[in-house]
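Number of protein chains: 4
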Amino acid sequence: MPQDTNRHPLPADFRWPDGIRAAALFSFDLDAEAVMLGDHPETGRYLDVIAHQRYGPRVAVPRILRMLDRLDLRTTFFVPGWVAETWPDVARSVRDAGHEVGHHGYLHESVRGVDEETEVGYLRRGLAALNEVLGIRPVGYRPPSWDINYRTPGLLAREGFRYDSAMMDSDHPYRLATSPEPGAPTLIELPVHWSLDDWNRYNYVPGYTGNSPVGRPSEVCAAWAEELDAIVEVGGLFSLTMHPFVSGRPARAAALERLIERAAAIDGLWLATGEELASWVETLDLPPVLHEPPVIRP
Amino acid sequence: MPQDTNRHPLPADFRWPDGIRAAALFSFDLDAEAVMLGDHPETGRYLDVIAHQRYGPRVAVPRILRMLDRLDLRTTFFVPGWVAETWPDVARSVRDAGHEVGHHGYLHESVRGVDEETEVGYLRRGLAALNEVLGIRPVGYRPPSWDINYRTPGLLAREGFRYDSAMMDSDHPYRLATSPEPGAPTLIELPVHWSLDDWNRYNYVPGYTGNSPVGRPSEVCAAWAEELDAIVEVGGLFSLTMHPFVSGRPARAAALERLIERAAAIDGLWLATGEELASWVETLDLPPVLHEPPVIRP
Amino acid sequence: MPQDTNRHPLPADFRWPDGIRAAALFSFDLDAEAVMLGDHPETGRYLDVIAHQRYGPRVAVPRILRMLDRLDLRTTFFVPGWVAETWPDVARSVRDAGHEVGHHGYLHESVRGVDEETEVGYLRRGLAALNEVLGIRPVGYRPPSWDINYRTPGLLAREGFRYDSAMMDSDHPYRLATSPEPGAPTLIELPVHWSLDDWNRYNYVPGYTGNSPVGRPSEVCAAWAEELDAIVEVGGLFSLTMHPFVSGRPARAAALERLIERAAAIDGLWLATGEELASWVETLDLPPVLHEPPVIRP
Amino acid sequence: MPQDTNRHPLPADFRWPDGIRAAALFSFDLDAEAVMLGDHPETGRYLDVIAHQRYGPRVAVPRILRMLDRLDLRTTFFVPGWVAETWPDVARSVRDAGHEVGHHGYLHESVRGVDEETEVGYLRRGLAALNEVLGIRPVGYRPPSWDINYRTPGLLAREGFRYDSAMMDSDHPYRLATSPEPGAPTLIELPVHWSLDDWNRYNYVPGYTGNSPVGRPSEVCAAWAEELDAIVEVGGLFSLTMHPFVSGRPARAAALERLIERAAAIDGLWLATGEELASWVETLDLPPVLHEPPVIRP
Chain A
1 MPQDTNRHPL PADFRWPDGI RAAALFSFDL DAEAVMLGDH PETGRYLDVI AHQRYGPRVA
61 VPRILRMLDR LDLRTTFFVP GWVAETWPDV ARSVRDAGHE VGHHGYLHES VRGVDEETEV
121 GYLRRGLAAL NEVLGIRPVG YRPPSWDINY RTPGLLAREG FRYDSAMMDS DHPYRLATSP
181 EPGAPTLIEL PVHWSLDDWN RYNYVPGYTG NSPVGRPSEV CAAWAEELDA IVEVGGLFSL
241 TMHPFVSGRP ARAAALERLI ERAAAIDGLW LATGEELASW VETLDLPPVL HEPPVIRP
Chain B
1 MPQDTNRHPL PADFRWPDGI RAAALFSFDL DAEAVMLGDH PETGRYLDVI AHQRYGPRVA
61 VPRILRMLDR LDLRTTFFVP GWVAETWPDV ARSVRDAGHE VGHHGYLHES VRGVDEETEV
121 GYLRRGLAAL NEVLGIRPVG YRPPSWDINY RTPGLLAREG FRYDSAMMDS DHPYRLATSP
181 EPGAPTLIEL PVHWSLDDWN RYNYVPGYTG NSPVGRPSEV CAAWAEELDA IVEVGGLFSL
241 TMHPFVSGRP ARAAALERLI ERAAAIDGLW LATGEELASW VETLDLPPVL HEPPVIRP
Chain C
1 MPQDTNRHPL PADFRWPDGI RAAALFSFDL DAEAVMLGDH PETGRYLDVI AHQRYGPRVA
61 VPRILRMLDR LDLRTTFFVP GWVAETWPDV ARSVRDAGHE VGHHGYLHES VRGVDEETEV
121 GYLRRGLAAL NEVLGIRPVG YRPPSWDINY RTPGLLAREG FRYDSAMMDS DHPYRLATSP
181 EPGAPTLIEL PVHWSLDDWN RYNYVPGYTG NSPVGRPSEV CAAWAEELDA IVEVGGLFSL
241 TMHPFVSGRP ARAAALERLI ERAAAIDGLW LATGEELASW VETLDLPPVL HEPPVIRP
Chain D
1 MPQDTNRHPL PADFRWPDGI RAAALFSFDL DAEAVMLGDH PETGRYLDVI AHQRYGPRVA
61 VPRILRMLDR LDLRTTFFVP GWVAETWPDV ARSVRDAGHE VGHHGYLHES VRGVDEETEV
121 GYLRRGLAAL NEVLGIRPVG YRPPSWDINY RTPGLLAREG FRYDSAMMDS DHPYRLATSP
181 EPGAPTLIEL PVHWSLDDWN RYNYVPGYTG NSPVGRPSEV CAAWAEELDA IVEVGGLFSL
241 TMHPFVSGRP ARAAALERLI ERAAAIDGLW LATGEELASW VETLDLPPVL HEPPVIRP
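Protein chains in written order, with the working numbering: chain A, 1 to 298; chain B, 1 to 298; chain C, 1 to 298; chain D, 1 to 298.
Be aware that a few hints might be false.
Stated by the list, open to error - Here are the simulated distance ranges between beta carbons:
no., chain 1, residue 1, chain 2, residue 2, range
1, D, Thr5, A, Ser179, 35 to 43 Å
2, B, Tyr208, D, Asn131, 24 to 32 Å
3, C, Pro17, B, Tyr208, 49 to 57 Å
4, D, Ala222, C, Ser279, 51 to 59 Å
5, A, Val295, B, Glu159, 22 to 30 Å
6, A, Val295, B, Arg124, 14 to 22 Å
7, D, Ala222, A, Val114, 44 to 52 Å
8, D, Ala128, A, Asn131, 51 to 59 Å
Derived by calculation from the structure, the hints in this document are not laboratory data. Here the structure is a predicted model, which means the values were calculated and not measured. For every residue, glycine included, the Cβ atom is placed at its ideal position computed from N, Cα and C.
Work out the full structure: start from the sequences and follow the hints.
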């Protein structure tokens, strides 16, 4: 059944490969301790918080790799440089299982309010770490906490990235401008949304994060399945962002496995890595979208 | 089946047109970036937040207009003046599809604690923008965040508005006094309630808004359907307030479409625009309700 | 079926009247504007907040009175003195429908940290208002927000109250000591709990109250029905605290009516007013419970 | 059916006793007033808060003991020293029913940021209280609020503890190192997780704790049952942490009893006390896990 493009027109010039009507990216942000240390350095002194985060590399990543292997799914892990340095065997196990590794900051730093030099420093330090530990140069970038500045796309292009995954303004991948200049370099944007993140659904660290009740895994994955069906219907990208320390717990991983099986059974749905998606979208002649700050006249 | 007025008496002198036992207003507040910029100007520098808001004009409004066209429903969009200026084609597409455009502030400003001159300034700047971009003079006003002062009804009447939609003290439209003077101008009030808003159910911008879990669309719309049935039972106005950037995501829009179809199938339920409702209520001889501040004696 | 007292022994010396195995008090706190004004006086200037609260006396109380009449249920409304003064016809309609009126502060003041004279002042001002508007002397007291001091039981006894409804330390009514002296006056305590309050389930006033999602009425009442069944099982008091402005909305009232019908159909469940419950418990020879502050030795 | 160790390999060298494939620890933290007084000493002056906490020793512990007796289950109660001193009969009733008593601080103190001497003081004062009131020397320790320092395992070993229950980095018990020195003493760790705690699901004390809606007991226990099934599947430890004042309310206790019955019926699931679990794990030759602070190079 082709996607009903009268009801749900695709963005101008966008199309999927032949036989494909929608795509799904089941990505993992391998944050481990970094997501707490970046924003709240004092948590490094709290063993309870640190142990909570270390569940990711210690238990969850191996479980998720086994699961992805059973599902025969190659996907994308976004890995902060510090995590690669701190958990090199874990990072290598991800790479060696054939998954794409993307950039996710060095210590999961927010770029809100930082100057350009600092922001570039985070990018380069993350790149150096991934190169040193994994011998790779990532082509994809997902900003820690999805915090992004107007200058960021330009910085990413300068550092050789091919895609970004941070924006919540589209159901479809698009071409991301880095400047208003004609011919300026572009990136591919793989959009995301808070409704497709495991953080709001499950995560709970009193005093730090989690203002929602801890979700029941079968209900969380049923909600995501509903989002998936609707995104397939509009021919978009179902981009699910998970964290091993959050989604790798037994009942959550079990529910997730059923969700991925369900997705894999949907006719015409392409389960892809970020790089595969970006490579396809690069072949399309899409008008670049330039993000500029809102203008408020006094 | 007529509404059971023994069990649920209508307010004095209130009645619906012949054959009608209740009404539904499926309205949209086209807030886009303005709802963040008005309260939190620093978010203009955060591309992630701004992109989140731009989903509304970029993706959600076109989707919602297509949906409303399929449903053959004309409704009301409340549009901040700044949004009309910033997204003129989007605002015009709403108008050109036959929907009513109402006033929703200029930059979605709260009027809490502002002086009268400032408040009038917001009203006039919004009016000027809607006139310039759309060539219209709105008859309806919905206060940003539903914040309203005791003086506001008088200001609205002076600026030529015919109805307001902000109060949570009624299940039925009523006549809104602007002063205790006999013969003073009146408006029509189309009441609202937080249980019939998509904000608490879905919206989530960490650090800014959303302290609830992200709702599952089928469950949110089932809850609204329950509210709808009960409001039909009491012969009231089901006044649902939505935001394109919130409710226009694929699964939410799909669930909303089913909810509107359900409403359209209810015998004797009138799906109307704000202006249509106000026009009807203006024909009734309703006693004006004057809102005065509570008095606390020391 | 008698209550299984092997499995669920009643407190020492406690019993229900013959044929009764548990009781239910469906009480209402008629807070109206007072619950906001007491804690947050600035909200008096915000018409939106004030209108939200006025839904109680304007719409919800009449609806609830009609419902209770259909159900043939007499219950207890706890009314702040200021609310009686501000909405005298509403307060009288409650009294005239045969419901008990209890004391609920004057302006819904918290007694946390106030001195004894101030606390007595709140009590007396509330008594004076209920006397002047309703010509009654209440026998029951429910502290605003359930805030209570160790001295409060003594103050209540001195002012002639017979029961209090504030404590969360029991499933059963008990005798409340006012002092360690033998022969000191006692009150009856009708305990409550946050799980049996409509506030956490439904209420939402951004910036002021409500950190939970707005509940779906049928689910809220299903949760309360589950609590009811379990309390019947242990032979206790199901003491549900509601607020007209919260629970009187159409779908909530409809779900509540079904819950009360369900309760009324439970064999051996006594639906009573606070005063009826207190009168029964006064006939029992229960050991008074004296509340003293916790002692922490350095 | 043996646990599927291809799909879910056990940690290196870990195994359960013959015939066992997973374990469950249904533990209770008997916090009573201490959990509020430790963090918020001013609550000692608020009778409403204190009464809320006293539901634990007054009503919930007897109910839970009767329930555990019906279920023929011996389990572990972690008891702050102050609670044992303040409620000696309650603490003795727990011991006399054959349950293990573990250490849970003196006044439920957080150890975040305290110096070693202070932390040792909390441990010793708790030990002294349990010895004086109960004549026992606990072998297990659960940190109040699960707050733990890197030095804590060493302190615990020095004070003669055999196990700790605080960490969220494992699905299985493990050996906990106290120092990098070979031959240094070790403890057994019985891990926990916030998803298996009744606090986030049910607890609500406005202004102090509870930012989630009050859960419906049958739904909470259904969520826990789902976690249980998944943990059995991976051959881990289902470690449920409850508080009498929270989980001992009628509907919650009823749902909990059904959950424990369900667990007891799972073939190969061992319902054990903390000490029984630790004793088993001590027999295994597990590599000690040393927790060290994260290192961040500038």
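(request) Please test the hint of 51 to 59 Å on the beta carbon pair from Ala222 (chain D) and Ser279 (chain C). (result) violated (41 Å)
(message) 49 to 57 Å was suggested as the range; check whether the CB atoms of Pro17 (chain C) and Tyr208 (chain B) agree with it.
(response) Hint holds: Cβ distance 55 Å, inside 49 to 57 Å.
(request) Return holds or violated for the Cβ distance of Thr5 (chain D) and Ser179 (chain A) against the range 35 to 43 Å. (result) Violated, at about 55 Å.
(request) State, for the Cβ atoms of Val295 (chain A) and Glu159 (chain B), whether the hinted interval 22 to 30 Å holds or is violated. (result) About 26 Å separates the Cβ atoms of Val295 (chain A) and Glu159 (chain B), which means 22 to 30 Å holds.
(message) Just to be sure I understand the hint, the distance between the Cβ atoms of Val295 (chain A) and Arg124 (chain B) should be within 14 to 22 Å; is that true here?
(response) holds (20 Å)
(request) Could you tell me whether the CB distance from Tyr208 (chain B) to Asn131 (chain D) stays inside 24 to 32 Å? (result) violated (52 Å)
(request) State, for the Cβ atoms of Ala222 (chain D) and Val114 (chain A), whether the hinted interval 44 to 52 Å holds or is violated. (result) The hinted range 44 to 52 Å holds for Ala222 (chain D) and Val114 (chain A), with Cβ atoms some 45 Å apart.
(message) Given a hint of 51 to 59 Å, does the C-beta separation of Ala128 (chain D) and Asn131 (chain A) actually sit inside it?
(response) About 56 Å separates the Cβ atoms of Ala128 (chain D) and Asn131 (chain A), which means 51 to 59 Å holds.
Hints 1, 2 and 4 from the list above are not met by this structure, while the remaining hints are.
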